[in-house]
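As a plain string of letters, each chain reads:
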Amino acid sequence: MSQAGSIAWLAAHELRLSWRDGLALMTAGRRRRAINVIIALAVFAVAMHFFANWFVSRYADVNLSADVPVLIALTGTLIVSWSLLLSQAMESVTRAFYARSDLELILTSPVSTRKVFAVRMARIAVSTVLLAVLLAAPFVDVLAYRGGVRWLGAFGVVAGMGAVATAVALALTIALFRLVGAKRTRLIAQILAAVIGAAFVIALQVAAIFSSGSLSRFAALQSEWVVAHAPGLGTAFWWPARAVLGDPVALIAVMAASAAILIGTIVLFSRRFGDHALAAAGVSSGAVRQRQRSRFRAASQRRALRRKEWMLLRRDPWLVSQTLMQVLYLLPPALLLWITFGDGNEAFVIIIPVIVMAAGQLAGGLAWLTISAEDAPDFVMSAPIAPRSILLAKIEAVIGMVAMIFAPMALLLALDSVRASVILALGILIASASSTLIQLAFRVQAKRSQFRRRQTSSRIATFAEAFSSISWAAAAAMAADGTWFFLLPAFVALAILGGVRLISPPRD
Amino acid sequence: MPLVRSLMRLSTIALALRGLRKTFDRPAVDGLDLTVYGGEFYALVGPNGAGKTTTLRMVTGLLRPDAGSIVLDGIDALADPIAAKQVTAWVSDESMIYDKLTPFEYLEFVGGLWRMDPRLAEAQARELLDILGLMPHAHERCEGFSKGMRQKVALAGALVHEPKLIILDEPLTGLDAASARQVKTVLHKRVRAGNTVIMTTHILDVAERMADRIGIIARGRLIAEGTLKELHRQTGQSGTLEDTFLTLVATEAA
Numbered sequence: 001m002s003q004a005g006s007i008a009w010l011a012a013h014e015l016r017l018s019w020r021d022g023l024a025l026m027t028a029g030r031r032r033r034a035i036n037v038i039i040a041l042a043v044f045a046v047a048m049h050f051f052a053n054w055f056v057s058r059y060a061d062v063n064l065s066a067d068v069p070v071l072i073a074l075t076g077t078l079i080v081s082w083s084l085l086l087s088q089a090m091e092s093v094t095r096a097f098y099a100r101s102d103l104e105l106i107l108t109s110p111v112s113t114r115k116v117f118a119v120r121m122a123r124i125a126v127s128t129v130l131l132a133v134l135l136a137a138p139f140v141d142v143l144a145y146r147g148g149v150r151w152l153g154a155f156g157v158v159a160g161m162g163a164v165a166t167a168v169a170l171a172l173t174i175a176l177f178r179l180v181g182a183k184r185t186r187l188i189a190q191i192l193a194a195v196i197g198a199a200f201v202i203a204l205q206v207a208a209i210f211s212s213g214s215l216s217r218f219a220a221l222q223s224e225w226v227v228a229h230a231p232g233l234g235t236a237f238w239w240p241a242r243a244v245l246g247d248p249v250a251l252i253a254v255m256a257a258s259a260a261i262l263i264g265t266i267v268l269f270s271r272r273f274g275d276h277a278l279a280a281a282g283v284s285s286g287a288v289r290q291r292q293r294s295r296f297r298a299a300s301q302r303r304a305l306r307r308k309e310w311m312l313l314r315r316d317p318w319l320v321s322q323t324l325m326q327v328l329y330l331l332p333p334a335l336l337l338w339i340t341f342g343d344g345n346e347a348f349v350i351i352i353p354v355i356v357m358a359a360g361q362l363a364g365g366l367a368w369l370t371i372s373a374e375d376a377p378d379f380v381m382s383a384p385i386a387p388r389s390i391l392l393a394k395i396e397a398v399i400g401m402v403a404m405i406f407a408p409m410a411l412l413l414a415l416d417s418v419r420a421s422v423i424l425a426l427g428i429l430i431a432s433a434s435s436t437l438i439q440l441a442f443r444v445q446a447k448r449s450q451f452r453r454r455q456t457s458s459r460i461a462t463f464a465e466a467f468s469s470i471s472w473a474a475a476a477a478m479a480a481d482g483t484w485f486f487l488l489p490a491f492v493a494l495a496i497l498g499g500v501r502l503i504s505p506p507r508d
Numbered sequence: 001m002p003l004v005r006s007l008m009r010l011s012t013i014a015l016a017l018r019g020l021r022k023t024f025d026r027p028a029v030d031g032l033d034l035t036v037y038g039g040e041f042y043a044l045v046g047p048n049g050a051g052k053t054t055t056l057r058m059v060t061g062l063l064r065p066d067a068g069s070i071v072l073d074g075i076d077a078l079a080d081p082i083a084a085k086q087v088t089a090w091v092s093d094e095s096m097i098y099d100k101l102t103p104f105e106y107l108e109f110v111g112g113l114w115r116m117d118p119r120l121a122e123a124q125a126r127e128l129l130d131i132l133g134l135m136p137h138a139h140e141r142c143e144g145f146s147k148g149m150r151q152k153v154a155l156a157g158a159l160v161h162e163p164k165l166i167i168l169d170e171p172l173t174g175l176d177a178a179s180a181r182q183v184k185t186v187l188h189k190r191v192r193a194g195n196t197v198i199m200t201t202h203i204l205d206v207a208e209r210m211a212d213r214i215g216i217i218a219r220g221r222l223i224a225e226g227t228l229k230e231l232h233r234q235t236g237q238s239g240t241l242e243d244t245f246l247t248l249v250a251t252e253a254a
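Which chain is which? The protein sequence lines are F and S, in order. Residues 1 to 508 (our numbering) are what the first sequence spells out, left to right. Residues 1 to 254 (our numbering) are what the second sequence spells out, left to right.
Isolated chain F (complex conformation) (with noise of 0.2 Å):
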C-alpha cells in the first residue's frame, strides 16, 4: 500500500475516478447493466474486428519498402485520427479545469498542489491513450494477423499519438486561459474541440471536392501536387507512418518523443494548472447580463414554451457545440452542392442522405435536451396547460431549429431542382420527427449537463435513432435517383417506430 499523498497514492485515486466514471458512462449508473455492457462491448469488439477485416486487410502486405504516396496516405490518416484524440482530450481538459467537485477539498489539503495536478493530468493522458488504443486494436490486430507481428509497432505510435494530443491539449488550453481569460476559455476550448475534431476530415474533404468533385477522403492527399512536395523518405516527418509499419528504430524514437512531450507539458504546466482551476471555479459563480428588454412580449403557452427552448439553447456554448458538431460535417456537402450546380441528379445522390441522416442525428439530439433534460418539470407540470400540449410545443421547438439550420440548404437546391429540394425538404422533416418520436418514447428525466451520457440511458433509442436516420437517408436517396425501390427502407423506418412503440415504456 502507498503512502497517503504520495504520487502513488494519489494515482491511485484518480485511477479509482477514472474507472467509476467511465463505469458511470457505460452503465448509465445502473450496476444491473454491468453485464449488458461486458456482452455488448464483446459482441461490438467481434464487430469491430470483422469490419477492420474488410476495410484493412489488403493492406496488410506493405511494408517498409512503401513508396512516398503510401507513406502518405498512412500519415494522413494518422493525423485525421489523432485529430479526434486532440478533440477528446481537450474536452476532458477543460472539464477538469472546470469541474469544482474535489476542488476546494484539494487545495485546502496539505498535498503539494503540483502534485495533485501533474497526477490529474497523467490521468487524462491515460485516459486518451487507452481510448486511443482500443480504438485501434481491431484494425492493428487483423493486420498482426494477416501480415505477421511487425503491425503491432502501431499500437505503440496510437499511445505516443494519445500523449502528445493530451500534452497539445493542455497546451492550448492553458495558453487559451493566458490569452482570453478563464471566462472565455470554457467557450472557446469546448468550440475549438468539436471543430478539431471534425475539421480535418473536413478540410481533406473540401480539398477532395476542389481537386477531384468527390467526397474521397484522400483524394486530395494522393493528387500530384501534395506527391511532389512531400518531404524526402529519409526525414523525420515519416517516423510515425514507419514505425507503424514496423520500423523499430522509428517506434522507439516516436514513444520516447511522445513521452518526452507529455512530461515536459505536464512538468512546465502543473503549477499553473492549480491557478487556472481556481479562476475557472470562480466564473461559474459570476453574474451574466443579459440584454435590457422593456417589455414583455404576447405570446401563446405553446409559442412561449418554444421561446424558452430556444432561448435555454442559444446560451449554452457547450450544447451548442455538442450539436453543432453533427452540423459541421455538412459543411462539405454543401460545399459540393454549391460546386456541381447543374451537374444533374447524380450530386444529389450523394448529398441528400448526408442531409437527412444529420437532420436525423441533429433532431434526437435536440429532441433529448428540449424533452428529458427540462430543468423544471414540475413547474411547467402545475401550469395549466394539457401535457399533450406541452410535448407538442417542445415539439415545435426541435423540429424548427432543425428547419432553421437545414431550410437554407433545401433552398439553395430548390434553385437548381424543386424535386430534389421537396425531397430533401421531407426526408429531412420525416427523420427529424422520427428521431424526436423515439426520444419522446424513451423520455427519462435528466438534468442537461448529462448530454454526453444520452446515449447510454438508453441504448434502445440510440440504436432506433442511428437506424431509423440511415433509413430514412436511404429512402430520400433512392427517392431523389427516381426509383419506387425507396419504399424499401421507408417501410424499414417505419418498422422501427412500431418497433419502438411496442418496447417503449408504458406512459401514465
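Honestly, I wouldn't trust all of these hints.
Claimed, not checked - Listed next, with one range per pair, are the computed distances between beta-carbon atoms:
| no. | chain 1 | residue 1 | chain 2 | residue 2 | range |
| --- | --- | --- | --- | --- | --- |
| 1 | S | Ser-238 | F | Trp-310 | 58 to 66 Å |
| 2 | F | Gln-292 | S | Asp-99 | 52 to 60 Å |
| 3 | S | Arg-26 | F | Phe-463 | 36 to 44 Å |
Note that these hints are calculated values from the structure, not bench results. Every residue, glycine too, gets a C-beta built ideally from N, C-alpha and C.
Fit chain S to the supplied structure of chain F, relying on the hints for placement.
Below, chain S alone, put in the same frame as chain F:
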C-alpha cells in the same frame, strides 16, 4: 366591514380533500380528509415521510391519486386539471427555475404559460421583483444566484399570475433571515388580499407564528388540526407547537 369580509372569505372552501390515497411501496397518503378555507394561512407539518409533499403534489396535479377527490376553489381538480391549475401556484423546496434565463425572462415565460396579458404580467413582475429585492438582478442570468435568490425568483414566478391558492413545500429551507422575512411578508400580504396559502414546513416556529391553522400529518393521515390553542387542548399541553407536535406524533406512533 373587514370582519364581515373575513367571515365571507372563510365561508368559501379553497381546498377540500376527501379520502385521498396514494401508495408507492407503502401507503404514502392514507385516506386523507382536509379542508382549507379561503383567505386562510394553513401550515401542514409532520415528520419526514409523513406524506406532506405527496399530498401537495397530488393537489397541484403532479401526481395522480389512487383514490379520493380534490376540489380546488370549487373545481374538481381530477376532472378538470387545467382549470384547477389556472388558480393554483406551486413552489417546491428545489427552486424550479432556469439557470440560463434572467428573472425578467422567467416571469415573462410564466406569464405566457398562465395566458396572462403581457402588460399585466409585466406590471406584476416588476412589483414582485421590487418587493423581493430582485430588481437589481432582473436582467442577470439565474445561474449565478444564491439559494435564497433562486427561491425568491421561484416565489415571484408562483405569484406573478395572481393565484387564488398558493401551495408551498418547505419554502424557507436554506434562506437567510432577511430573505425568509421578505418571503413571509409577501405571503402575509397575499393572505390579507384574500388568497389562500398552504405551506409545509419543518420550522415549527414559522408555522406557529404565521399560520391561522396547523394540520399535523403522520403516516399519510391528518392526526390533529386547528389553531395552536386548539392543538394545546387536544394534547392537554400549553407549551410551544414543537412540544405539542412531538407529543401528537409520539402518540400516533405508539
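Checked hints:
Between Ser-238 (chain S) and Trp-310 (chain F), the C-beta spacing of about 59 Å keeps the proposed range 58 to 66 Å intact. At about 19 Å, the CB distance of Gln-292 (chain F) to Asp-99 (chain S) disagrees with the hint of 52 to 60 Å. The given range of 36 to 44 Å is respected by Arg-26 (chain S) and Phe-463 (chain F), whose C-beta atoms sit roughly 38 Å from each other.
Hint compliance for this structure: hint 2 alone is broken.
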